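Going down the list, the sequences are from chains A and B.
Going by this note's numbering, 14 is the number at position 14 of the first sequence; the sequence numbering is gapless.
Going by this note's numbering, 1028 is the number at position 28 of the second sequence; the sequence numbering is gapless.
Hints listed in this document are in silico derivations from the structure and should not be mistaken for laboratory results.
Treat the hints with care, as some may be off.
Claimed, not checked - Computed list of lysine-lysine pairs in DSS-like fashion (alpha-carbon distance at most 27 angstroms, straight line): (1) A:K6 - B:K1111; (2) B:K1117 - B:K1013; (3) A:K54 - B:K1013; (4) B:K1044 - B:K1013; (5) A:K54 - B:K1111.
Given the structure is predicted, the values throughout are model-derived calculations rather than measurements.
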Amino acid sequence: MNMVAKSNGKFILRADAAAIARNRSAQDRESLNIPLKDEELRVLLTNILLRLEKLEQR
Amino acid sequence: MISLVRSADGTIKTFSEFIDPQSVLGEGESLEVLNTAFDEFAKKLVLSHAGRSGETIVVPRSSGDLAVEVRCPGENGVSLDINGTVEMLPLIDGQAALMLGTEEAGAFVIKPADNRKYCPAGQSLLVIEVV
């Protein structure tokens, strides 16, 4: 469930961190279907390493 | 006349005009009989948007601010739980409005904070999904 914040008298939803992570992961998967430049590959590998790091911290 | 089923912690689990205590009470639960009409109790707290309540309302993202109407007859204030955040709303003639933004996608789950007084179901529970 999203957290909420109150701003200027109204409640707004905070972006769901898990949903953002899932979207980013899906985008990374999609990118594997197309030829990647070195820089794009570096970003993809960095994302994977970051996820592994987070898993190791659990 | 209605019957309330209370959980072991005193919160209202459900209510009904006809309850068979043998079949509905779980461990630690208790039955309380109130001399109140079903409709009156069900409308102790009504949360609605554009006249709709007791259902999931779906609205598009970035469709502007939404007003949730809060009706709580005979009360000066009511505490609501909005996705786990408790907000005390002062009421005028038993009514108030709660403003919600639609900038971000997700779901607002609005229910009474005091579940010993109000049953968090039916018209006292409003889910607004922003898609």
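Hint check:
no., hint, result
1, A:K6 - B:K1111, "17 angstroms, holds"
2, B:K1117 - B:K1013, "11 angstroms, holds"
3, A:K54 - B:K1013, "39 angstroms, violated"
4, B:K1044 - B:K1013, "15 angstroms, holds"
5, A:K54 - B:K1111, "34 angstroms, violated"
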